[in-house]
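2 protein chains.
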Amino acid sequence: MEINISRVKRDIEKIAEFNATPGQGCTRFSYSPEDSKARNYLIEEINRLGLTTSIDGVGNIRARLEGSMKDAPAVLIGSHIDTVLHGGIFDGVLGVVGSLEVIRVFKENNIKNDIPIELIIFVEEEGSNFGSTMAGSKVLTGKYGIDEIKSIKNSMGLSMYEVAKEVGFDPDSSQKYLIKTGDIMAMIELHIEQSVVLESEKKPIGIVEAIAGIKWFEIEIRGVPNHAGATPMVMRNDALVGASEVITTINSKTRTAYPSTVATVGKIICHPNVPNVIPGKINFTLDVRDTNPEGIRIILNEVEKKLNEISKKFNLSTSMKLLGESNPIILSNELVNLIEETAIEKGLPYKKMNSGAGHDACLFGGITNVGMIFVPSIGGRSHVPEELTSYEDIKAGCELLLNVVYKLTSSLTKKT
Amino acid sequence: MEINISRVKRDIEKIAEFNATPGQGCTRFSYSPEDSKARNYLIEEINRLGLTTSIDGVGNIRARLEGSMKDAPAVLIGSHIDTVLHGGIFDGVLGVVGSLEVIRVFKENNIKNDIPIELIIFVEEEGSNFGSTMAGSKVLTGKYGIDEIKSIKNSMGLSMYEVAKEVGFDPDSSQKYLIKTGDIMAMIELHIEQSVVLESEKKPIGIVEAIAGIKWFEIEIRGVPNHAGATPMVMRNDALVGASEVITTINSKTRTAYPSTVATVGKIICHPNVPNVIPGKINFTLDVRDTNPEGIRIILNEVEKKLNEISKKFNLSTSMKLLGESNPIILSNELVNLIEETAIEKGLPYKKMNSGAGHDACLFGGITNVGMIFVPSIGGRSHVPEELTSYEDIKAGCELLLNVVYKLTSSLTKKT
Numbered sequence: 001m002e003i004n005i006s007r008v009k010r011d012i013e014k015i016a017e018f019n020a021t022p023g024q025g026c027t028r029f030s031y032s033p034e035d036s037k038a039r040n041y042l043i044e045e046i047n048r049l050g051l052t053t054s055i056d057g058v059g060n061i062r063a064r065l066e067g068s069m070k071d072a073p074a075v076l077i078g079s080h081i082d083t084v085l086h087g088g089i090f091d092g093v094l095g096v097v098g099s100l101e102v103i104r105v106f107k108e109n110n111i112k113n114d115i116p117i118e119l120i121i122f123v124e125e126e127g128s129n130f131g132s133t134m135a136g137s138k139v140l141t142g143k144y145g146i147d148e149i150k151s152i153k154n155s156m157g158l159s160m161y162e163v164a165k166e167v168g169f170d171p172d173s174s175q176k177y178l179i180k181t182g183d184i185m186a187m188i189e190l191h192i193e194q195s196v197v198l199e200s201e202k203k204p205i206g207i208v209e210a211i212a213g214i215k216w217f218e219i220e221i222r223g224v225p226n227h228a229g230a231t232p233m234v235m236r237n238d239a240l241v242g243a244s245e246v247i248t249t250i251n252s253k254t255r256t257a258y259p260s261t262v263a264t265v266g267k268i269i270c271h272p273n274v275p276n277v278i279p280g281k282i283n284f285t286l287d288v289r290d291t292n293p294e295g296i297r298i299i300l301n302e303v304e305k306k307l308n309e310i311s312k313k314f315n316l317s318t319s320m321k322l323l324g325e326s327n328p329i330i331l332s333n334e335l336v337n338l339i340e341e342t343a344i345e346k347g348l349p350y351k352k353m354n355s356g357a358g359h360d361a362c363l364f365g366g367i368t369n370v371g372m373i374f375v376p377s378i379g380g381r382s383h384v385p386e387e388l389t390s391y392e393d394i395k396a397g398c399e400l401l402l403n404v405v406y407k408l409t410s411s412l413t414k415k416t
Numbered sequence: 001m002e003i004n005i006s007r008v009k010r011d012i013e014k015i016a017e018f019n020a021t022p023g024q025g026c027t028r029f030s031y032s033p034e035d036s037k038a039r040n041y042l043i044e045e046i047n048r049l050g051l052t053t054s055i056d057g058v059g060n061i062r063a064r065l066e067g068s069m070k071d072a073p074a075v076l077i078g079s080h081i082d083t084v085l086h087g088g089i090f091d092g093v094l095g096v097v098g099s100l101e102v103i104r105v106f107k108e109n110n111i112k113n114d115i116p117i118e119l120i121i122f123v124e125e126e127g128s129n130f131g132s133t134m135a136g137s138k139v140l141t142g143k144y145g146i147d148e149i150k151s152i153k154n155s156m157g158l159s160m161y162e163v164a165k166e167v168g169f170d171p172d173s174s175q176k177y178l179i180k181t182g183d184i185m186a187m188i189e190l191h192i193e194q195s196v197v198l199e200s201e202k203k204p205i206g207i208v209e210a211i212a213g214i215k216w217f218e219i220e221i222r223g224v225p226n227h228a229g230a231t232p233m234v235m236r237n238d239a240l241v242g243a244s245e246v247i248t249t250i251n252s253k254t255r256t257a258y259p260s261t262v263a264t265v266g267k268i269i270c271h272p273n274v275p276n277v278i279p280g281k282i283n284f285t286l287d288v289r290d291t292n293p294e295g296i297r298i299i300l301n302e303v304e305k306k307l308n309e310i311s312k313k314f315n316l317s318t319s320m321k322l323l324g325e326s327n328p329i330i331l332s333n334e335l336v337n338l339i340e341e342t343a344i345e346k347g348l349p350y351k352k353m354n355s356g357a358g359h360d361a362c363l364f365g366g367i368t369n370v371g372m373i374f375v376p377s378i379g380g381r382s383h384v385p386e387e388l389t390s391y392e393d394i395k396a397g398c399e400l401l402l403n404v405v406y407k408l409t410s411s412l413t414k415k416t
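As you go down the protein sequences, you meet chains B and X in turn.
Just so it is clear: in the first sequence, position 220 is 220 by our numbering, and no numbers are missing.
Just so it is clear: in the second sequence, position 410 is 410 by our numbering, and no numbers are missing.
The following block holds chain B by itself, in its conformation from the complex (with noise of 0.2 Å):
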């Protein structure tokens, strides 16, 4: 029973070739030409394998391979096929091949599985197309109705229902095919870490324990732009001074909060932004995030502290707005313990880590057992061009992957 890279790479550099972007990088949005032209191979290579495919009322595929226990709840693998402007071949991509590659193995072995199991492609993970990630999963999960899916809109200012709909979707339908609680078994899910911890460590594998909540706000200050030259620095009230003060501190004071807790300011727009005159007003964003509160807590007490200091220091005025949160997940202590254990089993060093970046897989938080493998991101560059990872690690967590699904579903009494 072993894993066909060659099988896996093949699917990824298909799936890569349906790209709006070649050449600068692969940028693949949900409901584009080259979206249907990704589903359409992966139908065709599920069919392949015997599986016929459900698709719900946005476009999130699923395929079952039934096992000897006919209608139980099904082990969930799967991931998205969608991409961020001008991003990576990996993100996404990696957890769907692989899965399918873990049921083609499961299908040439003639395993017999007990349990189910059913591969998932989500649509609009990245939130490109909508400015909503996840929002496939949400509408699979029930946390996106109707209502939600005609709010958010794309470039065209047309909404995911009626882009759905105009693809050939019937997301008036979404509520009959909606996961719920005993609906499935588990949800594992295979994704690229983009980030740099696991290449740094030199460990193919990240065994994913919690993965952060988050919180995003913008902040607003204003003081007065005047003359650069003219207006003496005991007179001025420069919004980008106290800014930077701030960023200052929200950097420092996130280094010394706990190792899980980061903070980012990413985006930072200056008035009237003119090399002489003095910054009258900065807007900028502030994403935080942890699997623990308390340091997401920490950092909000210190950023309102320092705004509060400055507007007395230099005379500003700010505001604070969240724009939206989303709260930390555990993910399951047996999946976890069951993952670790394979890993040990097949010799592939790992590391118990955090997620800083949210997965569809959070969504099944609260419906069923959730894990997640992460393989390593070179340089750990995402959603960008030159996001990569190595073949050799996707084989390690391609064949975690399947030496796990077959614990959790061939053999019933060698489940822990």
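It is possible that part of the hints are untrue.
Because identical chains cannot be distinguished in the list, a pair is counted as satisfied if it fits within a single copy or across any two copies.
To be verified - List of simulated lysine-lysine pairs, DSS-like, C-alpha gap at most 27 Å:
id	residue 1	residue 2
1	Lys-281	Lys-267
2	Lys-267	Lys-306
3	Lys-165	Lys-70
4	Lys-312	Lys-281
5	Lys-305	Lys-253
6	Lys-112	Lys-351
7	Lys-153	Lys-321
Honestly, the hints are just simulated from the structure, not real lab data.
Position chain X against the provided structure of chain B, taking the given hints into account.
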């Protein structure tokens, strides 16, 4: 002998009507239709006084009130009439119409001046059109030749040379209009302060002693763009965190340099500027000014030290490129004393001060004695639609200019 403030007000308001962006501040670029109307209005007013105008190769207007000493070096008074995009109605215009009013008062009071008085109206001081400030006075004083005005271009890609030619000037003739050492006896510019110093000290008059030297830089900080959730704090190379420490240092070190030192980061660009990606590259400008070159040196040393420090601390690479510079100008001590003595005689509260902004008068530093008179800017606002100076203060400034010009030109025995 008295200023007629209603004439000054009428001139300012009339010229404000020649505006490309009514309702959104005043926009009057050199060589635009609005500029042409303002020039015609002023030339008509000059002709009404019996003076004729001489226009150089790029459009600088000069008008001479002859004195009893024919062909003697004149006292030059005036400023510019071009504005920034969406600017105010006082910057530049005040010095032009204030100087015009001085000549009107001489004529209507039949004052016999010994020394000639010349009104000057510069083109293209703001650099809004061709990106180079004080281009008109640079041509008139020989700092810009044909090559330079062929190389500076507007947003349509047309050079100052081409556009000046297109609207009917003869830029090739510039050489014969040059002002050289010995041609004029003094240059005095009346201007709004563009800052908050006079307002905060409740003084209607600023007597400028020195104009700051300037150095402009572009600083680039390169890190690694990475996933905001997946990258632990200790593994980040965050260009914005590095930039924020530099900006914070620039501010704190400038406050402790000299009272005359100012430094501003007015423009900042973040790449890729996405909320959930660690900034990979930051470009920002540094504008540092001082009448004391030692102040500029202190700041540049500190910036260099800090760039080295953040390179090591966050593993970033940095570079710093000089974009432009001008040397500090010490104004004529003789003129400062004369203006001060006159302000005292007239009972006008004044402050001896430096100018952080550059002005056309700077270009005359090596050629003749230069003096500048400032009047307060309400709230320090300038280069914005809200730019405002009270007509009471304007009257004080014009009166002071009138009396200084009178002393310099009309009674040889009264000169200090």
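Consistency of the hints with the structure:
1. When the C-alpha separation of Lys-281 and Lys-267 is checked against a cutoff of 27 Å, the pair qualifies both within a copy, at 14 Å, and between copies, at 11 Å.
2. Proximity of Lys-267 to Lys-306 under the C-alpha cut-off of 27 Å is found in both arrangements, the shortest distances being 19 Å within a copy and 23 Å between copies.
3. Taking the shortest Cα distances, Lys-165 and Lys-70 never come within 27 Å of each other, neither inside one copy (33 Å) nor across copies (88 Å).
4. For the identical chains of this complex, Lys-312 and Lys-281 are intra-copy neighbours only, at 16 Å inside a copy versus 31 Å across copies, given an alpha-carbon limit of 27 Å.
5. In the homo-oligomer, the alpha carbons of Lys-305 and Lys-253 lie at most 27 Å apart both inside one protomer (12 Å) and across protomers (24 Å), since each shortest distance falls under that limit.
6. When the C-alpha separation of Lys-112 and Lys-351 is checked against a cutoff of 27 Å, the pair qualifies neither within a copy, at 31 Å, nor between copies, at 94 Å.
7. Proximity of Lys-153 to Lys-321 under the C-alpha cut-off of 27 Å is restricted to the intra-copy arrangement: shortest distance 21 Å within a copy versus 42 Å between copies.
Hint compliance for this structure: hints 3 and 6 are broken, all remaining hints hold.
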